[in-house]
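Single-letter residue listing:
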Amino acid sequence: MAGLGAILGALWRAQRRDQKSFESIASNNFFIITAFFLRQAGTFIYLILGLVVLFPLSTDPLRKIPRSRLALWPLEDGQRRLLRLLSPWVNPVTWLIAGLAIWMARGAVSAGLWAVIAGVIAVGFVVSEIPAPAHGMLRRVPHFPGMLNHLIRKNLREMLATLDFYCALLLSGAALLFRLFGRSLPAEAVAPLTILVVLALSSFAQCLFGLDGDGGLGRYLLLPLSGWQILAAKDAAFLLVAVPLTLPLAPLSGLSASLVALALGHGPSVTEYRAQTRWRFSSGASVIYGFAQAALMAMAAINDQRVALPLALVVCAASLFYYGRRFAEG
Amino acid sequence: MISCRKLTRRFGDVTAVNGLSFEVAEGAICAFLGPNGAGKSTTVKMLTGLLAPTSGEVEVCGLNASANRLELKRRIGVLPEDLGLFDDLTVEEHLLLTGAVYEISKSATQARAKQLLHALSLEHGRHTFAASCSHGMRKKTSFAMALLPNPRVLFLDEPFEAIDPVTSKIMRDLLITCSQRGITVFLTSHILSVVEHIATQIVMIRKGSIVWDSPAGELPQSLEQHYFDLVEAPAVEELEWLGSARS
Chain X
1 MAGLGAILGA LWRAQRRDQK SFESIASNNF FIITAFFLRQ AGTFIYLILG LVVLFPLSTD
61 PLRKIPRSRL ALWPLEDGQR RLLRLLSPWV NPVTWLIAGL AIWMARGAVS AGLWAVIAGV
121 IAVGFVVSEI PAPAHGMLRR VPHFPGMLNH LIRKNLREML ATLDFYCALL LSGAALLFRL
181 FGRSLPAEAV APLTILVVLA LSSFAQCLFG LDGDGGLGRY LLLPLSGWQI LAAKDAAFLL
241 VAVPLTLPLA PLSGLSASLV ALALGHGPSV TEYRAQTRWR FSSGASVIYG FAQAALMAMA
301 AINDQRVALP LALVVCAASL FYYGRRFAEG
Chain R
1 MISCRKLTRR FGDVTAVNGL SFEVAEGAIC AFLGPNGAGK STTVKMLTGL LAPTSGEVEV
61 CGLNASANRL ELKRRIGVLP EDLGLFDDLT VEEHLLLTGA VYEISKSATQ ARAKQLLHAL
121 SLEHGRHTFA ASCSHGMRKK TSFAMALLPN PRVLFLDEPF EAIDPVTSKI MRDLLITCSQ
181 RGITVFLTSH ILSVVEHIAT QIVMIRKGSI VWDSPAGELP QSLEQHYFDL VEAPAVEELE
241 WLGSARS
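Chains as they are written, first to last, in the working numbering: chain X, 1 to 330; chain R, 1 to 247.
Please keep in mind that the hints were generated in silico from the structure rather than gathered at the bench. It cannot be assumed that every hint is accurate.
Label-pair distances were calculated between CB atoms; the ranges are [claimed, not checked]:
#1 150/R x 192/X: 39 to 45 Å
#2 178/X x 108/R: 49 to 55 Å
#3 275/X x 233/R: 36 to 42 Å
#4 214/X x 70/R: 18 to 24 Å
#5 275/X x 165/R: 31 to 37 Å
#6 185/X x 150/R: 56 to 62 Å
#7 271/X x 70/R: 20 to 26 Å
#8 233/R x 5/X: 39 to 45 Å
#9 80/X x 108/R: 51 to 57 Å
#10 150/R x 189/X: 57 to 63 Å
All C-beta atoms, glycine included, are put in the ideal place defined by N, C-alpha and C.
Using the sequences and the hints, build the whole thing.
Here you go:
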C-alpha cells in the first residue's frame, strides 16, 4: 500500500507541475465558446455530455506514467485497480467538475441518472486507456506539387490525429446529412454553423508546431527553407482540412474564418511552443486569446465576403511573413 | 574548412563555450570530445549556424556561420543529437523531403534515397513511420538525411551512441568514404574506442575550453587514458550494500 501511496504522490506532484491537462479543456476554443453560449440552456446536460465525457480523454493523470514503467512496478492486480480508481482525483479538474455537477443538479437528478453519469465517466477513463491508433491509418494522404509536398502531408497527418478534427467533422457531417435529407437550413443558421466548424479547429491554429516534437522543431531549423515557407506548409494543411469541412455550409465564409484563425494563430504558434498530445483536443494560448480569435473569425465569416475574404487574405499573408521571419530567427 | 576564432557563448551568467579556437582541414574527421555539459552541442549549434556566438567568429565552407545561415545550410549535412525526425513521416518520406527542400531533382533524389536505404539496411523499414522506428532505424534515417544532399561538411552529434555494432560499422565505413572523397566530418562522441579508429584529428574540451587539439597520430597515450587524464577521471565509489542481504 505504501507503494501505491508513493505513486499517487508522484502523480500529484507531476499534475501540479504540468497544467497541460487542464489547459486542454480550459484553452480549447470550442469548449470555451460553446460553454459560453450554452450556459443559458441545458448547462447540466452540456457539462455531462461535453466536459465529463471529454475530460478523461484529455486529462487522465495516469497517462503521466509510461506504460512500460507501470508494468514493471511490483503491484498486485487489486492495487492496479485501486490506482485506476484513485488517480483521476489527483487532478483538480475532477474535483471542479464533480463540484459543479453536484451544485447544478441540486436535487433535480435521480439516483439512476447519477449512476449513468458515473458510468459515463468510467467509460471515459477506460477509453483513455486504449492506446492511440497507429500512424498507419493516416498513411494515404494525397501528394501536392512543389518542394513543400512532404511537409504539407506531414502537417495533414498531424491535424488528422487531433480530436479537434473529428469534432469539426461531426458538425460538418451533421450539416451535410441535414441538407441531404431535403431540409433546408435556416439562412441565419448557416454562418454560425460555419463558424462553429472552423472554431472546432481554431485552437490547433494557435499551436501549429505542437505535434512536431523537439526533433521536428530541430529539423525545421536545419532545412534550407525560409520561415514563411515552413509556416505556409502548416497553413496549407489547415486550409486543406478546414475549407472542405465548410463545403456543406458557407465555404467562402469558412475560408475567411480559417484565414483569420491562422493569422491570429501564427503568433502563439511561433513565439511559444506548446507541445500537444495526439488523439486529444488541442490547447490554445489562453481563454482571452481564444475569445479574441473567435470574435474576429465570426466577424470575417458574417460580413460581405467580397470585402472580408481579400482582407483576411492580406492579414494572413502579412502575419505569415512576419512570423515566418520570427520563426527563422529561432 | 572549419575555422573558429575565440568562439564564446554565454547563457546569462553561465559561460557554456569559452574562447574556442581551432581549425579543421578539408577531408579531415575531427572528433570533438568532452563530458556531458562541456559545451559540445552548443559548439556544434554555433558551427551549423543554429546559435549565434556571444563573441568570436565561425567560418564553415568559407561562410560566416552567423551571417549566411541559409547558404550554410545548403552546404552542410547535420545529424543532430535529437535526430530531428518527424513522427508523421516514413523513413523514405524523410529522404524525399530532404531531396525536395535541397532542390535536388526528383530522379536524383529517388536514386540517392534507394542507394542510401540499401547501404544503411533500411530498405525493409522504408515505409515505417519515424514514430514506430527503433532508435537504430531513426539514427540511420537521420544519417541518411545528412548524406543525401552531398554536403561539403558533415556535423554529427553523437552518431555512435545507442546503436548496434553492425550499424556502427556501416556508419564508420561511410564516414571514412566521405573523408576519402574530401567531405569534412566533425563529430562528437563518448565512444572513444570507435572514435580512435576513424578520427584524424582530436579536440577535447572541458568546461567550455579546449584542453587538447592535435592530429590523432600525435596522442601521447591511448585516447581513453589521455581523456581520463585531461578531461575527466572516472569516480570510484564502493556500493557495499550491493549483493548483501536485502533489507
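Okay, the hints, checked on the actual structure:
1. 150/R x 192/X: 39 to 45 Å: Since the Cβ atoms of residue 150/R and residue 192/X sit about 55 Å apart, the hinted range of 39 to 45 Å is violated.
2. 178/X x 108/R: 49 to 55 Å: Hint holds: Cβ distance 52 Å, inside 49 to 55 Å.
3. 275/X x 233/R: 36 to 42 Å: Since residue 275/X and residue 233/R have Cβ atoms about 39 Å apart, the given range 36 to 42 Å holds.
4. 214/X x 70/R: 18 to 24 Å: The hint (18 to 24 Å, Cβ to Cβ) holds, given that residue 214/X and residue 70/R are roughly 22 Å apart.
5. 275/X x 165/R: 31 to 37 Å: holds (34 Å)
6. 185/X x 150/R: 56 to 62 Å: holds (57 Å)
7. 271/X x 70/R: 20 to 26 Å: holds (21 Å)
8. 233/R x 5/X: 39 to 45 Å: holds (41 Å)
9. 80/X x 108/R: 51 to 57 Å: holds (55 Å)
10. 150/R x 189/X: 57 to 63 Å: This hint holds: roughly 58 Å between Cβ atoms.
Checked against the numbered hints given earlier, the structure breaks only hint 1 and satisfies all the rest.
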